[in-house]
Amino acid sequence: MNGLKPGQMQLSGRGVICVRGGREVFSGLDFEAVSGEAVAVTGPNGSGKTSLLRLIAGLLIPAGGTIVLDGGDADMTLPEQCHYLGHRDALKPALSVAENLAFWADFLGGERCGAAESLATVGLDHATHLPAAFLSAGQRRRLSLARLLTVRRPVWLLDEPTNALDVAGQDMFGELMRDHLARGGLIIAATHAPLGIDSRELRIGGGA
Amino acid sequence: MTALAALIRRDIRIALRVGGGALIGVLFFLTVVVLMPFAVGPDLALLSRLGPAILWLGALLASLLTLDRLFMADHEDGSLDLITMSRTPLELACAAKALAHWLAAGLPLIVATPVLGLLLNLDMVATGAVALTLLAGTPALTFTGMIGAALAVTLHRGGLLMAVLVLPLSIPVLIFGVAASQAAITGPLSFGAPFSILCALSLVSLVIGPFAAAASLKHGLD
Amino acid sequence: MTLTDLANPTRFLALSARVLPWLAAATVILLTIGLYQSATAPDDYQQGATVKIMFIHVPNAWLSMFVWGVMSVASLGTLVWRHPLADVAAKAAAPIGASFTFLALLTGSLWGRPMWGTYWEWDARLTSVLILFLMYLGLMALWRAVEDPSRAARAAAVLTLVGAINLPIIKFSVDWWNTLHQPASVMRMGASTLDKSFLIPLLVMAVAFTLLFVTLHMAAMRNEILRRRVRSLQMMQASRVAFSSEVGTGSREENASKGVA
Chain A
-17 MNGLKPGQMQ
-7 LSGRGVICVR
3 GGREVFSGLD
13 FEAVSGEAVA
23 VTGPNGSGKT
33 SLLRLIAGLL
43 IPAGGTIVLD
53 GGDADMTLPE
63 QCHYLGHRDA
73 LKPALSVAEN
83 LAFWADFLGG
93 ERCGAAESLA
103 TVGLDHATHL
113 PAAFLSAGQR
123 RRLSLARLLT
133 VRRPVWLLDE
143 PTNALDVAGQ
153 DMFGELMRDH
163 LARGGLIIAA
173 THAPLGIDSR
183 ELRIGGGA
Chain B
2 MTALAALIRR
12 DIRIALRVGG
22 GALIGVLFFL
32 TVVVLMPFAV
42 GPDLALLSRL
52 GPAILWLGAL
62 LASLLTLDRL
72 FMADHEDGSL
82 DLITMSRTPL
92 ELACAAKALA
102 HWLAAGLPLI
112 VATPVLGLLL
122 NLDMVATGAV
132 ALTLLAGTPA
142 LTFTGMIGAA
152 LAVTLHRGGL
162 LMAVLVLPLS
172 IPVLIFGVAA
182 SQAAITGPLS
192 FGAPFSILCA
202 LSLVSLVIGP
212 FAAAASLKHG
222 LD
Chain C
36 MTLTDLANPT
46 RFLALSARVL
56 PWLAAATVIL
66 LTIGLYQSAT
76 APDDYQQGAT
86 VKIMFIHVPN
96 AWLSMFVWGV
106 MSVASLGTLV
116 WRHPLADVAA
126 KAAAPIGASF
136 TFLALLTGSL
146 WGRPMWGTYW
156 EWDARLTSVL
166 ILFLMYLGLM
176 ALWRAVEDPS
186 RAARAAAVLT
196 LVGAINLPII
206 KFSVDWWNTL
216 HQPASVMRMG
226 ASTLDKSFLI
236 PLLVMAVAFT
246 LLFVTLHMAA
256 MRNEILRRRV
266 RSLQMMQASR
276 VAFSSEVGTG
286 SREENASKGV
296 A
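Residue numbers (this note's numbering), protein chains in the order written: chain A, -17 to 190; chain B, 2 to 223; chain C, 36 to 296.
For reference, chain A alone in the conformation it holds in the complex (with noise of 0.2 Å):
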């Protein structure tokens, strides 16, 4: 389509519009990201940075337009091709670190890279086997990130994504964006704060 390159994807939304609890959002909106580029969607409270990405994972019906992955495994829904890390965690506290990880890997499957060295990407090798419960707010949004790298998905989903992480993890998560980006992945992410990276901005909500 569009002249992609063999291996190149581009995620594409036409005239998207949404509504939620009968207030439409936003209305007739485009955008597009292609591979090895990040796009930071940003916006005042309730432009629905956050109903966009929900609207791009599937978790939102859009109330009319297409949103398309073009490039991507034909075989997949652009769903099963996200990785979406949301305001919750998606962390058990009665599980351990490691038991948190490996159950994601296995319920999502696919292709993955081992847990332990995620782990030790993200800086929590030294409490793999503590329960989740244990952890900081910021170390939880760590594990999440985990969670991203174990688990290989093109699109990556990303809502304020750097809430609750220090200095240091904003440079790691900068450093782990660039590497998606760099394999071919492309980023959603809806943010109040600079990304850490060089992205294209969209704009949604009223132009305030």
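The set of hints was computed from the structure by calculation and includes no laboratory data. Just to be clear, a hint being listed does not mean it is correct.
[Unchecked claim] Now the in silico label distances, taken between C-beta atoms and shown as ranges:
#1 B:19 to A:-4: 46 to 52 Å
#2 C:183 to A:6: 41 to 47 Å
#3 C:176 to B:136: 23 to 29 Å
#4 B:40 to C:203: 18 to 24 Å
#5 B:6 to C:254: 36 to 42 Å
#6 C:181 to A:161: 37 to 43 Å
#7 C:254 to B:74: 32 to 38 Å
Backbone N, C-alpha and C define an ideal beta-carbon position, used for all residues, glycine too.
Fit chains B and C to the given chain A structure using the hints.
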């Protein structure tokens, strides 16, 4: 398959760890059964006549009330989003979660039945019959109750509303469960007919439950 | 040595380590004597050899109530004096109390089998003990349900004290309920005309079981203190700053493992 096995393993683990509710269901079952004689009196002959009904009611309440949080916990911590997005069909994931719940909370009820049978003066045959019918019938309770648990997530209401929604759905299971146990104990009906219907109810709910729960979860996303 | 000395968990660990072997030895000796005396006690002219179940049953029944008393005092300690060991004592006592209560129920129903012809009769005493058992289990479930022990401690303390006030009311109600339904109950336990040949072994067994409780309780408290230390060490380990050098933390982990061992 690994995905489903992982989900089952995780849910059972959580249920058995600190903070998990696996054994609270049994405790509830025990308490409900112990309360009955205070209401109907300690007449052993009467209790043994009512025994199967009391055990079935207790098991029904215990298995439905523990279902409350089946999807709620996953919804609150965001796991449900990832489960919905994954390559595993949501219906299968729901079935796996219900199976894990039954293994962690339903089976202990059946194991506890003989002890409670003793309290209600049931003989070996009667206790065996009740345990067998519970074994065949509690999956139906879990899998229909799952629909209520999914609705609870959709509606953001748990607890009593769920019980009100689901208890009527479990009436057939109660009827044939108690009928089969009574048939085994006193007759004159044969045990086979109500027991087969009970098994059929379980099998039907095994199919309907996951689909209804998945549909309700999909439409309740936000 | 005063109570305040014992308040310090570290001192408690040191002291209990010294006392525990002696307590255990005393328990074993007294239990042996008690069991021997019970075995050689004469059969009852009515109940035959089954009367010997009494030597196990009565101490267990006594302890099932005594342990709740201990927990109530400990709960007061938690709520009023905020004694650092109080909730440890309360938590450690619950499973032991539940076990004694369970044994009381079990021996009671074994005793009842030849008397009543069934293993279970809704006899006033047994029923009260059954409710006590349920309350123990509920308390244990409460301890298990809350991950943070100090938060669980307050809830459990309140429940224990409410239970302590309610237990006599429950006992009274059950007695009333029972006599309402079946006048002239089936069995009289611990009749007033207890012969000396029964009384002495029974007293020895009661003391032996109480010692057994004290021993088990002390050991369980030690376990609980150590468990909490492991927990706080784990939390310390979790909060270790990521990417920090391994040099500083290695020695701390070593100390930690020494402390736990």
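Going through the earlier hints one by one, which of them does the structure break, listed in rising order?
none
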